[in-house]
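Peer 1: Sequence:
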Amino acid sequence: MKYDNNVTLEEIHRDVEEIKKQLSFISAILVEKMSEEDIADYEQAMKEYKEGKTTKLSDW
Numbered sequence: 001m002k003y004d005n006n007v008t009l010e011e012i013h014r015d016v017e018e019i020k021k022q023l024s025f026i027s028a029i030l031v032e033k034m035s036e037e038d039i040a041d042y043e044q045a046m047k048e049y050k051e052g053k054t055t056k057l058s059d060w
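When the letters of the sequence shown are read in order and numbered with this note's numbering, they come out as residues 1 to 60.
Ranges between beta-carbon positions, derived for each pair:
no.	residue 1	residue 2	range
1	E11	T54	32 to 40 Å
2	A28	K50	14 to 22 Å
3	K47	E17	23 to 31 Å
Here are the simulated DSSO-like pairs of lysine-lysine, each with C-alpha atoms no more than 30 Å apart in a straight line:
no.	residue 1	residue 2
4	K53	K21
5	K2	K20
6	K50	K21
7	K33	K50
8	K53	K33
9	K20	K53
10	K33	K21
11	K21	K47
12	K47	K33
13	K20	K33
14	K20	K50
15	K2	K21
16	K47	K20
Keep in mind the hints are simulated off the structure, nothing from the lab. C-beta: ideal position from N, C-alpha, C; glycine also.
Whenever a hint applies, use it, and build me the whole structure from the sequences.
Peer 2: Take a look at the structure:
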């Protein structure tokens with residue numbers, strides 16, 4: 001996505017919502033292919049990230 005100086009917040013918001021939908025779909029596919037152990041590791045990493053214990057999810 002490329003924006004010029006005339007972009008509106010509405011346009012940006014619309015694009016962000018579309019990206020969220022795409023990421024949700026991709027995440028669902030990835031989770032489907034993950035083992036239970038991988039899912040548990042990911043959930044723990046998300047918990048630590050949300051609690052501020054880590055700043056990056058690549059640790060998991």
